[in-house]
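Protein chains in written order, with the working numbering: chain A, 1 to 90; chain B, 1 to 115; chain C, 1 to 157.
These are computed hints drawn from the structure, not numbers from a lab. One or more of the hints may lead you astray.
To be verified - With a straight-line cut-off of 30 Å between C-alpha atoms, the simulated DSSO-like cross-links for lysine-lysine are: (1) B:K103 - B:K52; (2) B:K109 - A:K3; (3) B:K29 - C:K65; (4) B:K29 - B:K103; (5) B:K25 - C:K2; (6) C:K151 - B:K29; (7) C:K151 - B:K109; (8) A:K3 - B:K52; (9) C:K65 - C:K2; (10) C:K151 - C:K65; (11) C:K151 - B:K103; (12) B:K109 - C:K2; (13) C:K2 - C:K151; (14) B:K103 - B:K25; (15) B:K109 - B:K25; (16) A:K3 - B:K29.
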Amino acid sequence: MNKRDLLAYSFLTVFAVFTIFSMLSMHSFGVPDENAMDQYIIDNTVEETGASNGVTAVVFDYRGFDTLGEATVLFTAVAGVILVFRRLKK
Amino acid sequence: MIANIPYIAAAALIIIGLYTIIFRKNLIKMLIGITIIESGVNLFLITLGYRKGGIAPIFTGAPAESTMMFPVPQALTLTSIVIGVAVLALMLSFIVHMYRHTKSLDVRKFGGDDQ
Amino acid sequence: MKGMSLIVRTIANISFPFILIYGFYIIAHGHLTPGGGFQGGAVVASGLVLMLIAYNAEWISQRIKESHLSIFESLGALSFVLLAFLGIIFGTAFFSNFLVGTESLFGGIPLDGAANINTGGIIPLMNFAVGLKVIAGLFAIVYVMAHFISKKEGKIA
Numbered sequence: 001m002n003k004r005d006l007l008a009y010s011f012l013t014v015f016a017v018f019t020i021f022s023m024l025s026m027h028s029f030g031v032p033d034e035n036a037m038d039q040y041i042i043d044n045t046v047e048e049t050g051a052s053n054g055v056t057a058v059v060f061d062y063r064g065f066d067t068l069g070e071a072t073v074l075f076t077a078v079a080g081v082i083l084v085f086r087r088l089k090k
Numbered sequence: 001m002i003a004n005i006p007y008i009a010a011a012a013l014i015i016i017g018l019y020t021i022i023f024r025k026n027l028i029k030m031l032i033g034i035t036i037i038e039s040g041v042n043l044f045l046i047t048l049g050y051r052k053g054g055i056a057p058i059f060t061g062a063p064a065e066s067t068m069m070f071p072v073p074q075a076l077t078l079t080s081i082v083i084g085v086a087v088l089a090l091m092l093s094f095i096v097h098m099y100r101h102t103k104s105l106d107v108r109k110f111g112g113d114d115q
Numbered sequence: 001m002k003g004m005s006l007i008v009r010t011i012a013n014i015s016f017p018f019i020l021i022y023g024f025y026i027i028a029h030g031h032l033t034p035g036g037g038f039q040g041g042a043v044v045a046s047g048l049v050l051m052l053i054a055y056n057a058e059w060i061s062q063r064i065k066e067s068h069l070s071i072f073e074s075l076g077a078l079s080f081v082l083l084a085f086l087g088i089i090f091g092t093a094f095f096s097n098f099l100v101g102t103e104s105l106f107g108g109i110p111l112d113g114a115a116n117i118n119t120g121g122i123i124p125l126m127n128f129a130v131g132l133k134v135i136a137g138l139f140a141i142v143y144v145m146a147h148f149i150s151k152k153e154g155k156i157a
């Protein structure tokens, strides 16, 4: 075991302990804190957007900017893949 | 303590993925580690929005006065999944070209001049 | 790259229309049932990839061209952004749902907590735009990779 492996193992141990400790101090599973934004969306999504699917209403209406960024990332990735595999010579 | 088992599962997935990225020298295996970390993060996001006894936030055929899960973490997980697929395709195409140029998948061949 | 055996081709031919119908159903009912543009687009793209694997890359390239896939993807992205900008003109803000409650196409008013296929405003239209984009995008990735592999095998053999 050389010095680099030792460093990697110690980093991984610290990261694992920190992550598991922070997960243990989360709120308990199934009883989240009261969330006014989510409760508002659940209560008003049918009247405001006319969609029964709450997730689709959030994706396309309440948080449309997120979806715009997601579509941009997908477009850029597809353009990058096509660019990388482009035939250089016919 | 016992009620936090799903969080521990998400943390375990993240740690396994990080271990794979650090200690494997094959590029494909490092890619698999990245996708395992993504799965852990998606599981953590879904777990955050779960309410006990709740149903999915879809009103078609839902019984009246039923508790529903929070829709925002689920929508963000959907975003995360699609971005994960796109980034995975981009990384795979880069790996294909690195293999074509060096005939190797060992990550030590691409690095600097130590080792 | 010669494609797969006759059994696989026959089963792929039989199941391909059902996969397409199921995917378009998920896209069209995205505002009512679980699903939406991304999920349905992924289902339809999987059906197309099934045909690409059962036959070979040349068989697909005689029927679908790569430039057409790029055009469809750009069309989906452009219509998505255009619908968002129409919210500024006819509604209040970017991405505002200006069609809901206007009694026009997709603008029906949901009656006491029951949405149907005609309600939803711009959400079904955006589902179609994103579905088109995801179909073309995901299939273009696999298409380009399959062409790369088949070209390389042809060079070696």
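Could you work out which earlier hints the structure fails to respect and list their numbers in ascending sequence?
1, 3, 5, 8, 12
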